[in-house]
Each structure stands twice: as C-alpha cells, then as structure tokens.
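Novice: Chains as they are written, first to last, in the numbering used here: chain A, 1 to 99; chain B, 1 to 375.
Hints in this document: simulated from the structure, not taken from any laboratory.
Glycine included, each C-beta is placed from N, C-alpha and C at the ideal position.
Keep in mind that the hints are not guaranteed to be accurate.
[As the list claims (entries may be wrong)] Not close to chain B: a few residues of chain A, all C-beta gaps over 12 Å, as computed:
id : residue
1  : MET1
2  : ALA30
3  : PRO98
[Claimed, not checked] Here's a subset of chain A near chain B, in silico, CB distances under 10 Å, partners left out:
id : residue
4  : ILE15
5  : THR42
6  : THR45
7  : VAL46
8  : PRO50
9  : GLU51
10 : GLY52
11 : PHE53
12 : GLN54
13 : VAL59
14 : GLY68
15 : GLN69
16 : ARG73
17 : GLY81
18 : ASP91
19 : GLY92
[Said to hold, decoys possible] Some chain A residues well away from chain B (every beta-carbon gap over 12 Å; in silico):
id : residue
20 : ASP65
21 : VAL76
22 : THR85
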Amino acid sequence: MKVRASVCDRCHETILPPRERCPECRGPMAVRELDGAGEVVTHTTVHVVPEGFQAPIRVGLVRLDAGGQVLARSEVAVEIGTRVTVEELPDGTHLLRPA
Amino acid sequence: MPPAYVAGVGQTPFGKVEMPLPAMMAEAASLALADAGAEAVDAVIVGSQTADELAQVSNLGTKVADILGLSGVAAWRVENSSASGSAVLEAAVHAVRSGAYGRVLAVGGERMTDKPTPTVTRALGRVLADTEVRLGLTMTSLAAMVARLYMARHGLSREVLALVPVKAHGNAVRNPYAQFQKAITLQKVLDSPIIADPLRMFDCAPISDGAAAVVVQAASARVEVLGVGHGTDRVALADRRGEGLRATQLAARAAFAQARVSPGDVDVAELHDAFSILEVIDSEDVGFYKRGEGYRALERGETALGGARPINPSGGLKARGHPVGATGLAQVAEVVWQLRGEAGARQVDHTRVGLTQNIGGFGCNNLVCILGSVA
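Chain A extracted, bound-state conformation (with noise of 0.2 Å):
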C-alpha cells in the first residue's frame, strides 16, 4: 500500500500530505509514492465528536518505516507499538490497519 508524501531537498524531512516548501527549513519538497508500512506511536479513542461526526472516532498516530508520521483513522482498537499498514482514502484522509 502506497501513500502520497512529500520530502525535502534540503533537509530531507518526510511530510504528509506532499506540500511544496519545508515546514522548517523552506526547502523544496518532491512528491513521493511512500510504504505504508509502520508502526502506532499513540491513539486515542475520542467519545465526543464535532457536529457531523460519529462517535466513537479511533485514530492513531502512525510513524511510517520509510519516514515521516501521519494521523489515521482506525475501525478496530490498537496499542502503541502495533505493526499497521495505512491506506490513503480518495478524499486524502488515512485509514490505518494492523499488518
């Protein structure tokens, strides 16, 4: 499974979504195809939602092996540390699933 990233020129930091210049060095940025592969760093599982969501929302932050981090939405519950794969959905959010 591939997501769409971004890495910097410069300093060779991992951003998704891809965007043009460097959060933090104004670096250009290249658009790259990345694995989803990786690993949950943390998760909430979030009871209150905004007006036009459904509750319970589970999300991760997920570390990517090939670098980079990316927050996920999740169907099944994770632990910190889980191996997962993420997926990106056609409207640019990111769906995580354990490996």
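Go by the hints and put chain B onto chain A.
Specialist: For chain B alone, kept in the frame of chain A given last:
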C-alpha cells in the same frame, strides 16, 4: 533592552459573565487602570480568539478604548488563538521598550458561555490543521494522544495525572475570581465521562467568559517584565518531532536569556493546563524539571501551594476558567499579585520571580513571560 514595568493588573470574575465582550474587557481594563493609578495611556492593545465568531463583534480595540474614555489613542487587536492574551502582553512590552509608547493598556477577553457547546468546540477547533479537522479530531483528541504517549514512556499513571485537576480545584477555592471555587476528589476526576481516552471531562478546562488586563509602562513600578519569549512549531501534530512542546521550549529559552535568571530562580508559575497532561509537560518544557520528572514533582507536592515552587496557585485554566483570549493576561495578573504579596489566601511565600506560560493552537504558538519584583 530598555525596561518595561507592570503598573497595574485587573480581571473580571471568570465563569458566566453576562456582559457584551467589549464592556467586559473595558471592565477588566478599568480595574487595571485603577490599580496602576493611571488616567491616561498611549495605546490600547486587545486580544481575543473568537470575538468575530462567538461574540459577533469586531473593531474590538476601538470599542474598548471608546467605552473607557480613551478615544484618540492608538488601538488594535491581536489574534493568536488561545495565546492571544500573552501575545498582547508581548506587543505591549515591545511597544514600550521601543520608546514608541510610554504606557500601554493590554486587554484580553472572551465571551463563550452564551453559545451551545458544539458551536464553541467548532470555533476553538479552527486552530487545528486541516488534516486533523477532517478526521473529526478536537483539541482534546490531540491532548489525549499526547497524554497516552507520555504515560507510556514515563510511567505516569492515570491516578497521578488526576492530581493536576485536584490541585487546581483546591487552589481555586482560595481565588475569588475563579470559575470553580470548589474542591474535587481524585475519584471525581476518575469517574467523570471520557472525552477522548485517556482524558476525562475533569482533565479539561471549561468554557468560560472573562477578561483580564495589564498596564505596561516605561516608568518604574513594583513589578518588572524581565523577559518575554515566543516560539512556534509545525501546526500538525503528526509533523512535529521530539518530546514536549518545542514552541514552549523555544519561548522559555528566549525569556530566560532576556531575564538573566534560570528556571531554579522562579518562585511561582502559572502554566497553561488546558488539559491536565499539559501542566506536567509544561513544567518540563520551561525547565523546572527534567523530561519525565514533572509528574513526580506533582506527586511529591512540590507544585502545590506550600510546596517548593507552586504551579497554578490561581487554580489554572482548569479551575480559574479559560476564556481563551483572557488567559495569558490573567496568568500575568496572578503572578503580579503573587509578587506584590496581594494574593490573599493563596499567597506564596517569598516571591521574587514569577513565570507565565501560555499555549496557542494545540501547542504550536507559545509564550513565556518572566516577571520580577522591583527591589
């Protein structure tokens, strides 16, 4: 750098204040002007996060000056999300130090309780990154993830984390300006509804109305602004690197360098505990404790009233209340009262140096202010 002094401070009670926002801000300003013994100022700077959306008012600087009878002077508004109050203070300090204005009135305020909670939550949530908003995340969701990570990494238990709101409410009992002048038990925190696991309702600051004001001037007064530091970080939580809030770390470094004091010199502090976990992380980011040791100091009682360095004697955002644009200036008001020995039943002994730390966004635009008594 030329000195800047705090000549006067004031605040309205926090909680439910049934006044239009400009009048409420003028009320706090009048108290600060009276405290300063000042009739005139050279500029008015105001701060509010949600004035347009929730209070449905703009041109706030001019309106506050007009109500106060200060028409004619320069007036403007600073919006810096939940760090609007501190950003107003920073602007006032630089305006005075530059020599442009001799005396500046800094005012922050927010009117929030007259709107339904989902409306307020949506207004506050606009500070987040688009990627976070589209997932349905809120400020509390991000704080929950930060809390879980800290707890796992450093061995902080859910029970010890609950000591933050318990301490806050205990202190606020002694603060007549506080929204909740009522002590709570550990069990009450642990039994409160889950908002975003592991954070519960009593881990979160409330929705509040209120205003606070500070008079900053070039002429000597009893409290000096020793340093103001300001830092930012990447907006999206996923884009950040390293532990704690870098924006606070940068702000603290700058403030301490200006002030020529060190974290060990600080006698009393007001830290941004919008969520319980933040007080612990803030206390490490400003340099009071090493990473992973902030909660141990809390557990030992070092940060309680009567401890070695009390944190949030006012009750903090949790119990004093969090009218977002007012908070940074209310923190300064509390520290000034502490330094002048005027904090009543919550007075900390032997205060010479005090610190405030105010967070904007979810931890990505933060200010630290260091204040000292003038001998």
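Novice: Would you pick out the hints that fail for this structure and give their numbers low to high?
Specialist: none
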